[in-house]
Amino acid sequence: MTDQEQPVGDQQLARARELVQVLEAGDDVTARALIQDLARPYDRELFDELGKLTRDLHEALQSFRGDSRLVELTQAEIPDARERLNYVVTMTEKAAHETLTAIETSLPIAESFSQQAGELTAKWTRFRNRQLSVDEFREFARDLDEFFAQASHDTDELRRLLSEVLMAQSYQDITGQVIRRVIQLVTDLEENLVSLIRLSSGRMEAIEAAEKTLDDNDDRREGDRRGHGPTVPKTQDSGQDVVEGQDEVDDLLSSLGF
Amino acid sequence: MKILIVDDFSTMRRIIKNLLRDLGFNNTHEADDGSTALPMLQNGDFDFLITDWNMPNMPGIDLLRAVRADEKLKTMPVLMVTAEAKRDQIVEAAEAGVNGYVVKPFTAETLKEKIDKIFERIESQG
Chain U
-3 MTDQEQPVGD
7 QQLARARELV
17 QVLEAGDDVT
27 ARALIQDLAR
37 PYDRELFDEL
47 GKLTRDLHEA
57 LQSFRGDSRL
67 VELTQAEIPD
77 ARERLNYVVT
87 MTEKAAHETL
97 TAIETSLPIA
107 ESFSQQAGEL
117 TAKWTRFRNR
127 QLSVDEFREF
137 ARDLDEFFAQ
147 ASHDTDELRR
157 LLSEVLMAQS
167 YQDITGQVIR
177 RVIQLVTDLE
187 ENLVSLIRLS
197 SGRMEAIEAA
207 EKTLDDNDDR
217 REGDRRGHGP
227 TVPKTQDSGQ
237 DVVEGQDEVD
247 DLLSSLGF
Chain B
1496 MKILIVDDFS
1506 TMRRIIKNLL
1516 RDLGFNNTHE
1526 ADDGSTALPM
1536 LQNGDFDFLI
1546 TDWNMPNMPG
1556 IDLLRAVRAD
1566 EKLKTMPVLM
1576 VTAEAKRDQI
1586 VEAAEAGVNG
1596 YVVKPFTAET
1606 LKEKIDKIFE
1616 RIESQG
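If you read the sequences in order, they're chains U and B. The first sequence runs contiguously to residue 254 in the working numbering. The second sequence runs contiguously to residue 1621 in the working numbering.
Take these hints with a grain of salt, some might be off.
To give an idea of the chain U side of the interface with chain B (calculated C-beta under 10 Å), a few residues [what the hints assert, rightly or not]: (1) Gly47; (2) Met87; (3) Arg126; (4) Glu160; (5) Leu162; (6) Gln165; (7) Tyr167; (8) Gln168; (9) Asp169; (10) Arg216; (11) Arg217; (12) Gln236; (13) Val238; (14) Val245; (15) Leu249; (16) Gly253.
Quick list of the computed label-pair ranges, beta carbon to beta carbon [stated by the list, open to error]: (17) B:Arg1509 <-> U:Asp237: 29 to 35 Å; (18) B:Asp1583 <-> U:Thr50: 43 to 49 Å; (19) B:Asn1538 <-> U:Arg124: 58 to 64 Å.
The hints are simulated quantities; they were obtained by calculation from the structure and are not laboratory data. Here a beta-carbon is modelled for each residue, glycine too, at the ideal position from N, C-alpha and C.
All chains, please: the whole structure from these sequences, using the hints.
Listed below in structure tokens is the structure:
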């Protein structure tokens, strides 16, 4: 029977018996070798365990590095988020100015309209009381003609200005979509940071990001299907193949036979 | 003319509703995403659909496809009014059977022009 074929327990027992004999015989060199042999199986167990732990840690770090969005988030999306929020500030400022300009243009029109109506009412009252001379009446008739022409022009202008105010409010939709995208980014960032904390606390839980199976193509198609929101300048959006405005949309559609 | 306006932002729905009123369309209804719009379309006698793309639950492109796949709704004119500006997406919408595509932010004139064009084409087709 060779060493390999003997059960480990029997081998150890045989070594222990031999150790007693060599110690009694005073053979220190053989005794030392036997003690090392006796301890070896326990050493191996410890090394195996250590090796397994090292491998686990390495794999966990690798999967985190490979699949986590943290790198992408910090390198690309956070600077993008800054630009997106700047875009929101610019858009809201623009909308507020458009609205204020329309109001500042409307108010004098309304005031002048009201003033002219007041003057005409006074003359009208005098006319009804038969207090107007023929010359004054002629002048009054001329004023009325002018007023009617002006009123038609002014109400058209007011309608145009109110329509500008109406359209300016579309900033809420546009910026709302951009802000929602930044909120999503903050949520992603939080989830990734929680994963990182779990990992460094040694619990080595499965990282959700590692379970992501969609490849880039599927990701992009799914993103397109759900929609991205407005294109924001100076972000990753501008690297995409996007149209610059309605004219380009019309050109593209007409190239498709629309 | 009974029109359904679908957008998750109530402000945009109001803007479109006001523009349509200016154009003489007073019978407008609203939904805030595709999944609420679809049953309304199936149960109501709508003539025209104006929809956003980027909405929670059911995005506009899915609503468009559902409309085109529905025997009763498949010929309904659909105008997409959206901030989605990728060429791939515009092509996708065209392939799915959209009748017009307006990119946000848009002007009142653009909306009017696209609506007029859609109805002109329908009338010329008989």
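Results of checking the hints against the structure:
Interface restraint check for Gly47 of chain U: the shortest CB-CB distance to chain B comes to about 49 Å, outside 10 Å, so the restraint is violated. Evaluation of the Met87 of chain U hint against chain B yields a held restraint, the C-beta minimum of about 9 Å falling below 10 Å. Interface restraint check: Arg126 of chain U against chain B, minimum CB-CB distance 45 Å, threshold 10 Å, status violated. Because the beta carbon of Glu160 of chain U sits about 9 Å from the nearest beta carbon in chain B, less than 10 Å, this interface hint is met.
Using the Cβ-Cβ criterion of 10 Å, the hint placing Leu162 of chain U at the interface with chain B is satisfied: the shortest such distance is roughly 6 Å. Because the closest C-beta pair between Gln165 of chain U and chain B is about 6 Å apart, less than 10 Å, the hint holds. This hint holds: Tyr167 of chain U has a C-beta 8 Å from the nearest C-beta of chain B, less than the 10 Å allowed. Because the beta carbon of Gln168 of chain U sits about 4 Å from the nearest beta carbon in chain B, less than 10 Å, this interface hint is met.
Interface restraint check for Asp169 of chain U: the shortest CB-CB distance to chain B comes to about 4 Å, inside 10 Å, so the restraint holds. A least Cβ separation of about 9 Å between Arg216 of chain U and chain B falls short of the 10 Å threshold, and the interface hint therefore holds. For the restraint placing Arg217 of chain U at the interface with chain B, the shortest Cβ-Cβ distance is roughly 9 Å, inside the 10 Å limit, so the hint holds. For Gln236 of chain U, the interface hint holds, the least distance from its beta-carbon to any beta-carbon of chain B being 6 Å, beneath 10 Å.
Hint status for Val238 of chain U relative to chain B: holds, with the closest Cβ pair at about 4 Å, below 10 Å. Here the hint on Val245 of chain U is kept, as its CB sits about 5 Å from the closest CB of chain B, short of 10 Å. Annotation: interface hint on Leu249 of chain U holds; nearest CB of chain B at approximately 6 Å, less than 10 Å. A least Cβ separation of about 9 Å between Gly253 of chain U and chain B falls short of the 10 Å threshold, and the interface hint therefore holds.
The hinted window of 29 to 35 Å between Arg1509 of chain B and Asp237 of chain U holds, with their beta carbons roughly 32 Å apart. Judged by the Cβ atoms, the range 43 to 49 Å given for Asp1583 of chain B and Thr50 of chain U holds: they are separated by roughly 46 Å. Separated by about 59 Å at the C-beta atoms, Asn1538 of chain B and Arg124 of chain U satisfy the suggested range of 58 to 64 Å.
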